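*Asks:* What follows is the residue order along each chain.
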Amino acid sequence: MSASLDLLQGTLDLLILKALAAGPAHGYAVARTIRSASDATLVVEDRALYVALHRMEARDWLSSEWGLSENNRRAKYYRLTTIGRKALREKSADWTVYAEAVFRVLRLGGATT
Amino acid sequence: MICWLKRVLPRWHGTEREIEEELSFHLEQRTGDLIARGATPEDARHTAEREFGDVAAARSELTRIDQRAANRQQRSAWWADLQGDLRFGIRMLARAPGFSILLILTLALAIGANTATFTVLRAALLRGLPYAEPHQLVHLWENKGDDRSEASYPDFLDWKAQSRSFTDLAGYNQGDVVVTRTDGAEIRSSGRATSGFFDVLGVAPVLGRSFHADEDLPDGGPAVILSNAYWSNHFGGNPSVLDSTLTIDGRSLRIIGVLPASFHFAPLGEIDLWLTLGRSADTRSQRYNHWVNVIGRLKSGVTREEAESDLGPIMARLATEYPSSNQGRSAQVVSLRDEFLGTVRQVLLGLSLAMAIVLLIACSNIASLLLARALGREQEMGIRTALGASRWRLLRQLLVENVVLIALGCVLGLAVAFAGVKLVIGALPESLLSHLPYLRSASVDRAALGYTALLAAGTALALGLGPIIHALRADGGGLVGRGPRATASGGLLRIRDGLIVAEVALTLVLLTGTAMVGRSLVALLWLDLGYVPERVLAARLNLAGPRYQEQAARQQFFTSALERVRALPGVISAGAINTLPLNGGNTNTFKIEGEPELDPSSRLEAASRAVSEDYFTTLGVPLVAGRFLDRQDDSTHPTTVVLNAALAQRLFPSGSPLGRRLRFYAFPDYVFDIVGVVGDVRTGSLEEAPPPTIYFSHLQYPAPRMSLVIRSPLEPVALAGQVRSLVRGLDPGVPVYDVESLSAKVESASAVAARKVPLILLGAFAGAALLVAMVGLYGVVSFNVARRSREFGIRQALGAAPSQVRRMVLREGTLLAGLGILIGGVLSLGLNRLMQNMLFGVGPGDPVAFLSAAGLMALVTLVASDLPARRATRIEPTVALRSD
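Residue numbers (the working numbering), protein chains in the order written: chain A, 146 to 258; chain B, 619 to 1502.
Next up, chain A with everything else stripped away, as it sits in the complex (with noise of 0.2 Å):
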């Protein structure tokens, strides 16, 4: 749990679409992805996800449904919708910008100390 590092904001945002983006997912799923896609260097807690969750249906980023789930049991599955998948692709473009912009000003400042 020390290694892991708090999220910046809105990068739980992001997250959350990219794992959906492969295909519809209920919110146990999702966060099991990021976990284990991040080999459990991203820690989110469960609490935070379902509130992101939540928002983004809001704003109809996504949609959801209840469907079964591999232990054939009730779960609501989300899926990213039109706007979703907008939102996907821009905030992965900003996010890339900015942290090879993060990553520049690192080096350079590695090369003169």
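Since no wrong hints were added, every one of them can be taken at face value.
A few chain B residues facing chain A, derived, Cβ under 10 Å:
| no. | residue |
| --- | --- |
| 1 | 636 |
| 2 | 639 |
| 3 | 643 |
| 4 | 644 |
| 5 | 645 |
| 6 | 646 |
| 7 | 650 |
| 8 | 666 |
| 9 | 671 |
Simulated DEER-style distance windows between Cβ atoms:
| no. | chain 1 | residue 1 | chain 2 | residue 2 | range |
| --- | --- | --- | --- | --- | --- |
| 10 | B | 659 | A | 188 | 20 to 26 Å |
| 11 | A | 211 | B | 1112 | 51 to 57 Å |
| 12 | A | 187 | B | 688 | 27 to 33 Å |
| 13 | B | 688 | A | 188 | 30 to 36 Å |
| 14 | B | 688 | A | 244 | 32 to 38 Å |
| 15 | B | 1029 | A | 166 | 50 to 56 Å |
| 16 | B | 656 | A | 238 | 41 to 47 Å |
Just so you know, the hints here were simulated from the structure itself, not pulled from any lab data.
Owing to the predicted nature of the structure, the values given are computational and were not obtained by experimental measurement.
Quick reminder that beta carbons are idealized off the backbone N, C-alpha and C, glycines included.
Based on these hints, arrange chain B on the given structure of chain A.
*Replies:* Relative to the frame of chain A, chain B by itself:
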């Protein structure tokens, strides 16, 4: 349809139950995963909950997010529905453009006409007088029995001194004056007022002062106050005008003040100059001489009734003190506004009554058209109810459609109102406008717009109600699968038939009213006046001032003026009279020589006129007996008179009046020989029968003001310039005015104007109403034909002749129209009584007016129902049978 259904279905997601389910699913899955990795169930559960965070807080936070989202979604769905309704409503309107245009135009007409009436009425009746605290202002009258008269000057002074209800009383009067300036003389309208007059009204001069009490002298004080218009037109608005002088009626008066531009005193119309009350010391001392108009300002808190009972004892004291003049007289106090409005109120109220009828007709027409459509849409409504649309949804749909219609109608209606106000004010006679100057500036203002909005809202509700109630009662399942033709319900049909009957009845009321007023006008214009007004020019001359104090000077002037006029090329004959027909005039009391003296209250009385030689021949007044007055009837010969036939008949029903003699109480020293009898002339007004009249020779009974009458084969007005310059040649100080042709004078007589304006307006209303009623009837009959097309098809298939079908349809239309005509006729009879004083030469219930109005109505309704009837005969049986 699907998305519409989805909106109506209950929302079953986003509830707290779902959040609970979602969260517990998450926790159970996580716990399960951890157990699978070897944790004890208890540890696993623990870890899962720790990783999740505060579950209760999450639950409430998610609920809040979902709730807000749901609310927002509901709101936007409502808006989307509304937009949908609007689009649908507009589509429905566009699908039947004729119907919609008809509805909108009818609405526009009705709303516009009413807004215009409201604006004019508000300007005339509701706006205050342009004075300080106008509700305190009153007008005072002396009554004797039913006769109302001005006060005598001594009575006025007693009221002023003894009453305690008024802050002050003031007197006024009117009299035109001759103003002599370096560039000639002219007649100017002038008001006469006591000191205190302007203070009572609460009006202060913009320049100078008003009259002082010491200027209130017999024969007039030496001061004059100018109206703002006269000041700016004749003195260029120069403030140095004060203390300069103006020559008025031969006297030099000092200009002491200028009134504000906004000042206006309705009873006198447009006034240029204000003089002191004046009149001779004799006149001012006579209690029997009633000539002072009195206004007053009530003390605050005193009512009109209290003021009247305050004056009661004063009048009672005067009656005992001066029985010969004041017996039976009482004082009446009237609010100044009622006094100002006078007969205008009647005209305007009549106008708004007609407008209200038009609105009623328009509304019932719109209502019946909407009902027809509602009937046609029963199937649609039924299907929608069956599919789960709530009644509220359907109701909103109907309301939105009405609102679209009414909004369009209102926008057009405002345009109609703007034009209507101009039209109405343009149609009002100038004489009326000069008394109500604020009518000129009447315009559609914010209050009128508010009224329109109110009207529109009321109309929307009233119009929507029928179809809406109907829609709410529409029973879903039963209607699906049945066509509109089969389902039109009896109740609505009856309402709609009733509306058509009402329309026809109201239209007939307007038509009959128009016919009655029209016949009165025709009767007036074809009236035998007793003279021939065509091709006669009249011009009035005023001999004021010291030069014409002597009677001989006046006679001399008129005689030579007439001689020169007769010498003008194109003049056939010329004469003069002191008061032209239709201009009113005074009366004298007299007795027949040799008959016993009568007591003062039953003395003989007749109108008296001074005429020159050739007056009767110029006007074409026939000689009945004896001779006309001529040039011999001067001061050197015995005094003579000529009677009109009415008076001769009354005085001497069996014998001849020639050779009999009269004595006038006003000139007891003279006896007048009756030398002739002439034809009757309508002298007072067109409506009155010719009054008994005595004609004097102006050479024996000279008048300071006479009107020349000049007959010529030329257009009379073409002579005007020559007459003016001829008089100027005689004396440039004598003003020539009221130059007009006698036929123009008859056409502009108040009796004609009082009917012409209402006739134009009534006629316009009646025409509009007729059109609307025709369209309404056409719509109803057409709809019925469409509804029964299957029946007609079957009938024809079974051998009914087209003429039979046509008769069936016609019978339906004529039945409704006939009932309407019957009811309208009865209503008109009732209303005739109300308009009795506008009628002339026609009795109430005049058969010609009634039959022609009813005939026109019947013809129009026949045409309106025959068009659809013909269509019914062309229905193909096979098409009709297949159409369901």
